[in-house]
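Q: In case it helps, the working numbering puts the sequence shown at residues 149 to 345.
Any given hint might turn out to be false.
Below, simulated SDA-like cross-link-like pairs (lysine to any residue); rule was C-alpha separation at most 25 Å, straight line [stated by the list, open to error]:
| id | residue 1 | residue 2 |
| --- | --- | --- |
| 1 | K196 | A177 |
| 2 | K298 | A330 |
| 3 | K298 | V314 |
| 4 | K235 | T185 |
| 5 | K298 | K235 |
| 6 | K196 | P254 |
| 7 | K298 | E315 |
| 8 | K196 | R182 |
| 9 | K298 | D328 |
| 10 | K196 | P152 |
| 11 | K235 | P171 |
Restraint ranges, calculated between C-beta atoms of paired labels, are given here [unchecked claim]:
| id | residue 1 | residue 2 | range |
| --- | --- | --- | --- |
| 12 | F218 | N300 | 40 to 46 Å |
| 13 | R297 | E162 | 43 to 49 Å |
| 14 | Q291 | S243 | 53 to 59 Å |
| 15 | E232 | A256 | 46 to 52 Å |
These are calculated hints, taken from the structure and not from any lab test. Computed from a predicted model, the values in this text were never measured in an experiment. Even for Gly, the Cβ is constructed at its ideal location relative to N, Cα and C.
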Amino acid sequence: VAVPIQDVACQTTEQAIEVRWTPPTHTLAGQTVRNLTSYRVYRSLSGKPETFHLAGEVAAPPFADHHVEFGRTYFYKVRAVFEEAGKTAESGDSSVAEVTPRDVFPPASPAGLTGIYSAGAVELIWNASVESDLAGYNVYRRQDGQPYRKLNPELLRTPIFRDATVEPDHSYSYQVTAVDLAGNESQASQPVAVATR
């Protein structure tokens, strides 16, 4: 069998933890690796040797672990699997990689923003976000070419907003963002221009 894998590393994505490593090239006896068929990835929540359980098996790196939660710590180790003449053997344990995934992934930008001026106010509406961890929306307004500023003191729970602070005979531009439960804010939506005339 091969020497134990040493360079196990983890990368957090929005949907999973990806466990990566470099395939071994030499056996314990110093020969070139042959009959390497797969890799078994073991996971633990504490890092103690007796707590590792098989998380999955792949033919080649990386291994994606989708059964994870943001903010929880995980430990991973990898073994190479060899088969020859109907017999199976595993390499020794790799080095252990520790990771605590954090949600740093903003939601998608809201789409479909439209606005109309009616009865002395601008009515805004946009498509509801389908993000599972959506916390709410922010509305930004720019007046007569000035920088955008946020209008709502608290997150909006629904995709609709009424701006009653507009003045007649002005040009306004609006953008909307989505915010998730971790506080990540999306890029701004496409702007919509409204003239109060």
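Q: For this structure, which hints from the list above don't hold up?
A: Numbers 1, 5, 6, 8, 12 and 13, in rising order.
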